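Undergrad: Build the full structure now, drawing on both the sequences and the hints.
Each chain, written out:
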Amino acid sequence: MIGAGHAGCEAAHASARLGAKTALVTINLDLVGQMSCNPAIGGVAKGHMVREIDALGGVMGIVADRTGIQFRLLNRSRGPAVQSPRCQSDRAQYRVEMRSILEKTPGLSLQQAEVVELLIENGRVSGVELVDSRRLSARALVLTTGTFLNGLVHIGDHTFAAGRSGEMPAIRLAESVRRIGFRMGRLKTGTPPRLDARTIDFSQMERQYGDDPPVPFSFLTKRIEQPQIWCHIAYTNQQVHDSIRGNLDRSPLYSGKIEGTGPRYCPSIEDKVVKFPQKERHQLFLEPEGYDTYETYINGLSTSLPVDAQQAMLERIPGLEQVKMLRPGYAIEYDFVDPTELRANLETKRVAGLFHAGQINGTSGYEEAAGQGLVAGVNAAMHALGRESWVFTRDQGYVGVMIDDLVSRGAEEPYRMFTSRSEARLTLRMDTADRRLTETGRRLGLVQEDRFQAFRSRSAKVAAIVQAIEGVRVSVGSAVADRLADAGIGITGTTQVSALLKRPEFHVEHLRFVLPANAVEGVTDEELGVVLNDEKYAGYVSSQVEASKRAHAARKRVIPGDFDFASVSGLSAEQIEKLTLRRPETLSQAEAVSGMTPAAVNLLAVYLELGARRAARG
Amino acid sequence: MQSEMFEDTIVAVATPPGRGGIAIVRLSGRNALDIALACVPAGSRLGETPNRAVITDLVNPDLAGEILDRAVVTWFRAPKSYTGEDIVEFSVHGAPVVVDAALGVLLSLGARPATPGEFTLRAFLNGRIDLTQAEAVRDLVNAQTGHQARLAQRQLRGELSHRLQPLKERLLSLIVQLESTVEFVEDDLETESRAALVKELVSAAADLDALTASYRLGRLVADGFGVALVGRPNAGKSSLFNRLVRTERAIVTAMPGTTRDLVSEPVELEGIPVRLVDTAGLREAENEVEQIGVGRTRTAIVDADVVLVVIDGSLDSSDTVRALLDETRHATRVVALNKSDLGDPDPSLVEAIEDSGVSPVSVSALSGEGVDEVRQAVVRAIGGSADLAPSGVLVTNARHHELLTRASKGMTAASVALSAGYSEEIALVGLHESLQSLGELTGETVIEDILGRIFATFCVGK
Ligand SMILES: Cc1cc2nc3c(=O)[nH]c(=O)nc-3n(C[C@H](O)[C@H](O)[C@H](O)COP(=O)(O)OP(=O)(O)OC[C@H]3O[C@@H](n4cnc5c(N)ncnc54)[C@H](O)[C@@H]3O)c2cc1C
Ligand SMILES: Nc1nc2c(ncn2[C@@H]2O[C@H](COP(=O)(O)OP(=O)(O)OP(=O)(O)O)[C@@H](O)[C@H]2O)c(=O)[nH]1
Ligand SMILES: [Mg+2]
Numbered sequence: 012m013i014g015a016g017h018a019g020c021e022a023a024h025a026s027a028r029l030g031a032k033t034a035l036v037t038i039n040l041d042l043v044g045q046m047s048c049n050p051a052i053g054g055v056a057k058g059h060m061v062r063e064i065d066a067l068g069g070v071m072g073i074v075a076d077r078t079g080i081q082f083r084l085l086n087r088s089r090g091p092a093v094q095s096p097r098c099q100s101d102r103a104q105y106r107v108e109m110r111s112i113l114e115k116t117p118g119l120s121l122q123q124a125e126v127v128e129l130l131i132e133n134g135r136v137s138g139v140e141l142v143d144s145r146r147l148s149a150r151a152l153v154l155t156t157g158t159f160l161n162g163l164v165h166i167g168d169h170t171f172a173a174g175r176s177g178e179m180p181a182i183r184l185a186e187s188v189r190r191i192g193f194r195m196g197r198l199k200t201g202t203p204p205r206l207d208a209r210t211i212d213f214s215q216m217e218r219q220y221g222d223d224p225p226v227p228f229s230f231l232t233k234r235i236e237q238p239q240i241w242c243h244i245a246y247t248n249q250q251v252h253d254s255i256r257g258n259l260d261r262s263p264l265y266s267g268k269i270e271g272t273g274p275r276y277c278p279s280i281e282d283k284v285v286k287f288p289q290k291e292r293h294q295l296f297l298e299p300e301g302y303d304t305y306e307t308y309i310n311g312l313s314t315s316l317p318v319d320a321q322q323a324m325l326e327r328i329p330g331l332e333q334v335k336m337l338r339p340g341y342a343i344e345y346d347f348v349d350p351t352e353l354r355a356n357l358e359t360k361r362v363a364g365l366f367h368a369g370q371i372n373g374t375s376g377y378e379e380a381a382g383q384g385l386v387a388g389v390n391a392a393m394h395a396l397g398r399e400s401w402v403f404t405r406d407q408g409y410v411g412v413m414i415d416d417l418v419s420r421g422a423e424e425p426y427r428m429f430t431s432r433s434e435a436r437l438t439l440r441m442d443t444a445d446r447r448l449t450e451t452g453r454r455l456g457l458v459q460e461d462r463f464q465a466f467r468s469r470s471a472k473v474a475a476i477v478q479a480i481e482g483v484r485v486s487v488g489s490a491v492a493d494r495l496a497d498a499g500i501g502i503t504g505t506t507q508v509s510a511l512l513k514r515p516e517f518h519v520e521h522l523r524f525v526l527p528a529n530a531v532e533g534v535t536d537e538e539l540g541v542v543l544n545d546e547k548y549a550g551y552v553s554s555q556v557e558a559s560k561r562a563h564a565a566r567k568r569v570i571p572g573d574f575d576f577a578s579v580s581g582l583s584a585e586q587i588e589k590l591t592l593r594r595p596e597t598l599s600q601a602e603a604v605s606g607m608t609p610a611a612v613n614l615l616a617v618y619l620e621l622g623a624r625r626a627a628r629g
Numbered sequence: 010m011q012s013e014m015f016e017d018t019i020v021a022v023a024t025p026p027g028r029g030g031i032a033i034v035r036l037s038g039r040n041a042l043d044i045a046l047a048c049v050p051a052g053s054r055l056g057e058t059p060n061r062a063v064i065t066d067l068v069n070p071d072l073a074g075e076i077l078d079r080a081v082v083t084w085f086r087a088p089k090s091y092t093g094e095d096i097v098e099f100s101v102h103g104a105p106v107v108v109d110a111a112l113g114v115l116l117s118l119g120a121r122p123a124t125p126g127e128f129t130l131r132a133f134l135n136g137r138i139d140l141t142q143a144e145a146v147r148d149l150v151n152a153q154t155g156h157q158a159r160l161a162q163r164q165l166r167g168e169l170s171h172r173l174q175p176l177k178e179r180l181l182s183l184i185v186q187l188e189s190t191v192e193f194v195e196d197d198l199e200t201e202s203r204a205a206l207v208k209e210l211v212s213a214a215a216d217l218d219a220l221t222a223s224y225r226l227g228r229l230v231a232d233g234f235g236v237a238l239v240g241r242p243n244a245g246k247s248s249l250f251n252r253l254v255r256t257e258r259a260i261v262t263a264m265p266g267t268t269r270d271l272v273s274e275p276v277e278l279e280g281i282p283v284r285l286v287d288t289a290g291l292r293e294a295e296n297e298v299e300q301i302g303v304g305r306t307r308t309a310i311v312d313a314d315v316v317l318v319v320i321d322g323s324l325d326s327s328d329t330v331r332a333l334l335d336e337t338r339h340a341t342r343v344v345a346l347n348k349s350d351l352g353d354p355d356p357s358l359v360e361a362i363e364d365s366g367v368s369p370v371s372v373s374a375l376s377g378e379g380v381d382e383v384r385q386a387v388v389r390a391i392g393g394s395a396d397l398a399p400s401g402v403l404v405t406n407a408r409h410h411e412l413l414t415r416a417s418k419g420m421t422a423a424s425v426a427l428s429a430g431y432s433e434e435i436a437l438v439g440l441h442e443s444l445q446s447l448g449e450l451t452g453e454t455v456i457e458d459i460l461g462r463i464f465a466t467f468c469v470g471k
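Chain order of the listed sequences is B and P. Residue numbers 12 to 629, in this note's numbering, belong to the letters of the first sequence in order. Residue numbers 10 to 471, in this note's numbering, belong to the letters of the second sequence in order.
By construction, these hints were calculated from the structure, which means they are not laboratory data. Keep in mind that a hint or two might mislead.
To be verified - Capping the alpha-carbon separation at 25 angstroms, the derived lysine to any residue pairs in SDA-like fashion look like this: (1) B:Lys286 with P:Ser182; (2) B:Lys290 with P:Ala205; (3) B:Lys286 with P:Leu181; (4) B:Lys513 with P:Arg203; (5) B:Lys513 with P:Gly430; (6) P:Lys89 with B:Leu621; (7) B:Lys286 with P:Leu198.
Owing to the predicted nature of the structure, the values given are computational and were not obtained by experimental measurement.
TA: Shown next, in the form of structure tokens:
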């Protein structure tokens, strides 16, 4: 495993758990699991992925639960499918906790070194060369180098090579990767300045509290014990915007110095001010970086302006008149490898045994990286152990959606997960990640006994509630009906409880008094919620499930890796060229290639079938 | 054994479009028999023996079993069928109205319109036909492409897609509003109120419905309306026919019984495509040839969308007129009182016509006077030029109709969900379904496009 970022940590842990002898090699062992940007885990769709990683036996959820300093469940007022946990983390503790879990993982060894060369023999990996010329041999490699490949930091017109601010870049390794012949591109991202809390006047800002009690990420976490802090909300104003506009010519974003494509969902403050000139103010969150530090993260103010311009804009924000900047914000450009170079198991098509995961695949975000890391780690281990590879499918969760999107469509800008990327959003709830994945994790060898037992007991309790609801009725005039009426849930005559569950006003607390006391005893709100949520979505889900089943069946029509598109007479030269370049693995992926007509897809289907029959005849 | 390859059941008219005597509607897929059984009365022998034709009523289960047609239905059991799947073939009467209704029922029962060449493709993929030679395969696909192109050209002409574009835009902006609130909870977005969204949804759905409602009309327009000229011999039908088609297409003589067979000619009346049919005059037939001719006239009356009754104002008696009007009583009619150049007709004649609820149009096929009025009366009878194509676009194709219906259903479901206080992601199920349906007509909108719009509309992200 090359790189101990969020992808690398998850990959190394998974690989070792599967029983493969695993080494995690990284540039700096003090920075294992370092959060490059915002010290926060989760968010809509991202929190879902953390739950999926956790349900499979991954580590991110547990580390986040142990080191979170403020938890909030997002979209609380909306439906269960779009609710998602998020937490602010203690950046330093997160690193420590992650490293400690990895150190305790049997079969995993951590090593500090810079990898400079991927060793390949006859199209398969054989190991790596380190900067001090040592060689490590390996049957499988997972490359998770984040923003480090040819990383270039911009602050105003000042640029310097770095993997992240203050860390060395990976230049020789980038060259080694390029030599393999991968299609590569350049992306860009940025981060805001960090401030000294002692120089901030919080009295001019709104306080933002976390949830009480906090909702954890991990299915194994019973309660979040550590004390919770609060954040603050501040706003920019016209003076701030004027100051930014006055310095735009010194921003590398606008002077044309930065070539890489940045994420549109994570715009710099320069972009916000330029693209939305009518907006009078932009919201900012001031988030403590941890319990033991005054360092404060200012969320919403990502910038690559020169340091003096950053200071000038900060001072115009109410509450920050006296602020002292600890670190400036910056933008970073880096190389990534076109993810259509990968198979669905995240192995590269060009080199057997070489896997890519994380930001190197054009994604952005810790959770996205961790999800890929887990899949790549499992498959690298499978490869090394001679076992069959595993594909995380779209219908199993957001991690599957992400990987399928990446390997079939590529990444034009840094890819971030959104719930709308799934065609079956209602089926991918955070409270059902275990139901979707824990048995798979068990089969893979990732899920250990304690987690599996917890899963079983939870499933049994949920099943018991489903049974308990069956046949229970409520009649007008009964005490239960009166309590329901108080909650705005009116009924007429006698009603099946199962019918009431669908009402938008019906919540878990109502289930508690509608059902007999012995049925709900010892059942948590979350477990009751699973039943309730299933019921609320039942009608809508069935149509979505139908559609996704159909999509899945179609996806099963696989295109062999050595398929010669040029042999398909009837395809246009342009279609052949694009297909050969993209190397789709399935018919549906082929369909997504630009310029493919339905007739061309049918034609491909015909040839694939011909090939399969020929193969069957021997 | 059913093929595992395909989940869905497809349907299409297997005979060439047009007004042949019989049309074959073919259903193929794992649910073919179930779907077929749902639209024949219980107790029919369908499904008992494969390959045996059964004569049965075809009913619409939605409309309390309204009978659509008497059809010959044959079930071919998988894998011994053309496609290798269960197939049910319905031989129905070829009139477009009947074929459409049959298709509509099968679609509503869960079948999906087949894409061009899909039956052959399934046949091949299920191993029923063996195409080992690449050349043959290419021919197959080229044939599909050609067919597709023709189909697209004829039925879509880009107009529908063009007309749908603004609707799709409205739908997209609704989706963008709702998706942003779901995906970017932490941003302070200035989104529309729920009430405003519901209002916009209802109005967009209504626009879509108006378009969908043009389907029947559109279908007729695409094939051309049938207008038959019917009357006693020598009334001047052929003369009027020639006036309307503006050529001497039909033979005119002073001898009664000149026209013996149907003469049909396409023509545009005020921009509406019409197939004008001249017929043999109605009278007691004197010989076999004439008998056949009169029989055909009667068929033409049934088939026609509008019957143009031609009366000889100088000669016909009110009794003959009554008999004629009785014979055509089920049709939409225009009555032309011909030979106005010979003087005013007997008032008893006019009275007889007005008794039947129509006022006659006075015309002289000889001089041409009143021909424009006849033309306008026919157009009015077809549907009234005013409500023909209110938007300039008519839906003419069953697949399009189905997609539009689905799109509208999705919007309605979403507005119901929103106004009942359901959460955004539920309303979005309907909206995305709607978008997907419109997308099949106008080009797909992928999620990247939607995200792109979100980023362009709102300042989101930190
Ligand atoms: C300035 C900045 C701003 C960002 N802003 C955002 C944001 O706003 N939103 C967002 O979602 N995400 C943001 N990110 C991205 C997020 O941090 C990454 O997506 C995530 O950390 C990627 O995880 P990873 O495991 O792929 O790589 P990283 O976390 O970057 O880890 C890479 C690891 O590889 C190691 N490594 C690299 N080269 C070598 C080598 N040759 N030999 C050995 N080890 C090596 C490094 O030491 C490091 O441990 C930002 C990143 C940066 C740097
Ligand atoms: N004066 C006068 N004669 C007409 C008019 N229309 C038709 N005729 C004459 O009536 C005779 C019959 O005309 P056709 O058009 O052949 O009549 P038809 O109804 O087609 O007759 P069949 O085909 O025999 O049924 C011809 O001699 C025409 O010239 C008219 O408006 N005025
Ligand atoms: Mg005639």
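Undergrad: Hint numbers the structure violates, sorted upward?
TA: Those not satisfied: there are none.
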